[in-house]
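Colleague: Starting from the known structure of chain A, arrange chain B on it as the hints suggest.
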Amino acid sequence: MASYSTNEFRSGLKVLLDGEPCAIMENEFVKPGKGQAFNRVRLRNLKTGRMWERTFKSGESIEAADVMELDMEYLYSDGEFYHFMKTDGSFEQVAASASAVGDTKEWLKEQESYQIVLWNEDPISVTAPNFIELEVVETDPGIKGDTAQGGSKPATLSTGAVVRVPLFVNQGEMIRVDTRSSEYQSRAKG
Amino acid sequence: MAEHPWAPGGNRARWQRRAELFAYLRQFFAERGVLEVDTPVLGRLGVTDPALEAPAAEGGALQTSPEYFMKRLLAAGSGPIYQLARAFRGGEVGRRHNPEFLLLEWYRPGWDDEALRGEMDALLEPLLPGFPAERLPFDALLKQVFGLAWREVPESAWAEALAAHWAALGREGDPLALAEGDPLTVLEWLYGEASETLQAPTFITDFPPALASLAALRPGEETAARFELVVAGVELANGFQELCCAKTQRDRFEADRARRRQLGKPDVPVDEALLAALKAGLPPCAGVALGVDRVLMLMTGAASLDEVMPFSWARR
Chain A
0 MASYSTNEFR
10 SGLKVLLDGE
20 PCAIMENEFV
30 KPGKGQAFNR
40 VRLRNLKTGR
50 MWERTFKSGE
60 SIEAADVMEL
70 DMEYLYSDGE
80 FYHFMKTDGS
90 FEQVAASASA
100 VGDTKEWLKE
110 QESYQIVLWN
120 EDPISVTAPN
130 FIELEVVETD
140 PGIKGDTAQG
150 GSKPATLSTG
160 AVVRVPLFVN
170 QGEMIRVDTR
180 SSEYQSRAKG
Chain B
0 MAEHPWAPGG
10 NRARWQRRAE
20 LFAYLRQFFA
30 ERGVLEVDTP
40 VLGRLGVTDP
50 ALEAPAAEGG
60 ALQTSPEYFM
70 KRLLAAGSGP
80 IYQLARAFRG
90 GEVGRRHNPE
100 FLLLEWYRPG
110 WDDEALRGEM
120 DALLEPLLPG
130 FPAERLPFDA
140 LLKQVFGLAW
150 REVPESAWAE
160 ALAAHWAALG
170 REGDPLALAE
180 GDPLTVLEWL
190 YGEASETLQA
200 PTFITDFPPA
210 LASLAALRPG
220 EETAARFELV
230 VAGVELANGF
240 QELCCAKTQR
250 DRFEADRARR
260 RQLGKPDVPV
270 DEALLAALKA
280 GLPPCAGVAL
290 GVDRVLMLMT
300 GAASLDEVMP
310 FSWARR
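For the protein sequence lines, the chains are A and B, in the order given.
Per numbering that gives the first Met the number 0, the first sequence runs over residues 0 to 189.
Per numbering that gives the first Met the number 0, the second sequence runs over residues 0 to 315.
With the rest of the complex left out, here is chain A (with noise of 0.2 angstroms):
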């Protein structure tokens, strides 16, 4: 496996820290005085997401990890697994475990296109785009007239997600939603 060295380091690489595969964020090189020189990096955990902030001693060399990045399709849950296909018109199949997908989980739409990283080519993480459209199932019934503001109520959409909607909003509408903040953006065009 290949390896890299302190002075290889930039953001982006990714590497195997305690066996676990991570991306370095920052990298900073540091010699006080007159001294030994080390390098300071931020690391991101890509299975837990957790940031780990280590000192290595420059010219000390880590692991490199199998890591890549992919956009894939979801295609459905067998109840163990979330199955996606590649993109890339190779109709390659993988199958990700419920820790994977994690919170994402309550963003899985048929046919939209997630961002899967596979580490030794399984997948280990799996991100929803930023904004999704998505079906209200269940709310309570809008309120005539008020189109501008006023307050909001939860509204649960097809995925199962619940998001705070304005007033105005029906059930069996499209809306808008921030997969990051999970919050409502707009109502759904066309």
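Incorrect hints may have been included.
Taking lysine-lysine pairs in the DSS-like style, the calculated list, with each CA pair at most 30 angstroms apart, reads [to be verified]: (1) A:Lys46 / A:Lys13; (2) B:Lys246 / A:Lys85; (3) A:Lys33 / A:Lys56; (4) B:Lys142 / A:Lys56; (5) A:Lys33 / B:Lys142; (6) A:Lys108 / A:Lys188; (7) A:Lys85 / A:Lys104; (8) B:Lys278 / A:Lys33; (9) A:Lys33 / A:Lys46; (10) A:Lys108 / A:Lys13; (11) A:Lys13 / B:Lys264; (12) A:Lys33 / B:Lys246; (13) A:Lys104 / A:Lys13; (14) B:Lys264 / A:Lys56; (15) B:Lys246 / B:Lys278; (16) A:Lys46 / A:Lys108; (17) A:Lys85 / A:Lys56; (18) A:Lys104 / A:Lys188; (19) B:Lys264 / B:Lys246; (20) A:Lys46 / A:Lys85; (21) A:Lys152 / A:Lys85.
To be clear, the hints were calculated from the coordinates, so they are not data collected in a lab.
Modeller: Just chain B, lined up with the frame of chain A:
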């Protein structure tokens, strides 16, 4: 394969700023009767300092600083001299490090290190806010930032102080393991962390003798006449009341080589020409090297050297 980008960094205004700085520096020294010199960038030898790597090149090595050549000029009666020199440090790449950079190095025969700091204040006052800079001895800095009287506590307490500081900043890493058990390295890292906290321009003076580098020891040998200038947490300069004794200099070179062997680093022969010059008589003098690119970085509020060098390491 993607094509290597051809375009330089920065813009014309930045390049002009750089050129104006060179012109200002040359005028400053011309008005003070300090002679501009130039010396080989490709020298016969590298440097024994275990923390520096002089990149190897045909017939020798690229110089980590023009110091040895300039001391040979001083020993030959040059009087006060300065140089805007290209310097090279292998493996040092980062926001504040570029393996090739520009040093302003100058020497003042007959001056002591405080007189030289006064001249640095005069040089930098028109360029950066906060000059004249504060003076803070090394021991006082460690006391101020860590509450650590490093001379009075066991060496193990140095590593504990650094570990606690790192932990408070959310950084993982065992200082002593990283330093391969070398307490002096831990002390230098402590110094580095402490100096990074300084915002106002500050001269850190009176280093421990073990970190003397090429500085003379003060009478009583409690401290070395070495100083660094730190501005906004960035080290800008390193200077000495120069060591003139050839015998002491040889001992320090040999100690460097022993340390290199211990670290498994390639051996570097002692520069006998420099020692012969010291023996012939280096006049008592003070000298300093100032990182010109870093000065420009602070002058322009740039976040990295890449913004102030037309062709940084990544853009070559």
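Colleague: For each hint, tell me whether it holds in the structure or not.
Modeller: Consistency of the hints with the structure:
1. Under the criterion of a C-alpha separation no larger than 30 angstroms, the hint pairing Lys46 (chain A) with Lys13 (chain A) is consistent with the structure, at around 12 angstroms.
2. For the hint linking Lys246 (chain B) to Lys85 (chain A), the alpha-carbon distance of about 71 angstroms lies beyond 30 angstroms, and the restraint is violated.
3. Of the pairs offered as hints, the one joining Lys33 (chain A) and Lys56 (chain A) holds, with about 15 angstroms between alpha carbons and a cut-off of 30 angstroms not exceeded.
4. In summary, the hint linking Lys142 (chain B) to Lys56 (chain A) is supported, as the alpha carbons are separated by about 26 angstroms, within the 30 angstroms threshold.
5. About 20 angstroms separates the Cα atoms of Lys33 (chain A) and Lys142 (chain B), which keeps this hinted pair within 30 angstroms; it holds.
6. A distance of roughly 18 angstroms separates the Cα atoms of Lys108 (chain A) and Lys188 (chain A); the hinted pair therefore holds under the 30 angstroms criterion.
7. For the suggested pair Lys85 (chain A) and Lys104 (chain A), the alpha carbons sit about 19 angstroms apart, so the restraint of at most 30 angstroms is met.
8. For the hint linking Lys278 (chain B) to Lys33 (chain A), the alpha-carbon distance of about 26 angstroms falls within 30 angstroms, and the restraint holds.
9. The suggested pairing of Lys33 (chain A) with Lys46 (chain A) is violated, with an alpha-carbon distance near 39 angstroms, which exceeds 30 angstroms.
10. Restraint check for Lys108 (chain A) and Lys13 (chain A): the C-alpha separation of about 29 angstroms stays at or below 30 angstroms, so the hint holds.
11. Taking the CA atoms of Lys13 (chain A) and Lys264 (chain B), the gap is near 29 angstroms; set against the 30 angstroms cutoff, the hint holds.
12. Our distance criterion of 30 angstroms between C-alpha atoms is met by Lys33 (chain A) and Lys246 (chain B), whose separation comes to about 22 angstroms.
13. Between Lys104 (chain A) and Lys13 (chain A) the CA atoms are separated by roughly 25 angstroms; this keeps the pair inside 30 angstroms, and the hint holds.
14. Distance check on the hinted pair: Lys264 (chain B) and Lys56 (chain A) sit about 14 angstroms apart at the alpha-carbon level, within 30 angstroms; holds.
15. A distance of roughly 8 angstroms separates the Cα atoms of Lys246 (chain B) and Lys278 (chain B); the hinted pair therefore holds under the 30 angstroms criterion.
16. For a cut-off of 30 angstroms, the pair hint linking Lys46 (chain A) to Lys108 (chain A) stands: about 22 angstroms separates their Cα positions.
17. Distance hint between Lys85 (chain A) and Lys56 (chain A) is unfulfilled; the C-alpha atoms sit about 40 angstroms from each other, more than 30 angstroms.
18. The hinted pair formed by Lys104 (chain A) and Lys188 (chain A) meets the criterion: a straight-line CA distance of about 24 angstroms does not exceed 30 angstroms.
19. This hinted pair checks out: Lys264 (chain B) and Lys246 (chain B) have alpha carbons roughly 24 angstroms apart, not beyond 30 angstroms.
20. With a C-alpha separation of about 21 angstroms, the suggested pairing of Lys46 (chain A) with Lys85 (chain A) holds against the 30 angstroms cut-off.
21. For the suggested pair Lys152 (chain A) and Lys85 (chain A), the alpha carbons sit about 37 angstroms apart, so the restraint of at most 30 angstroms is broken.
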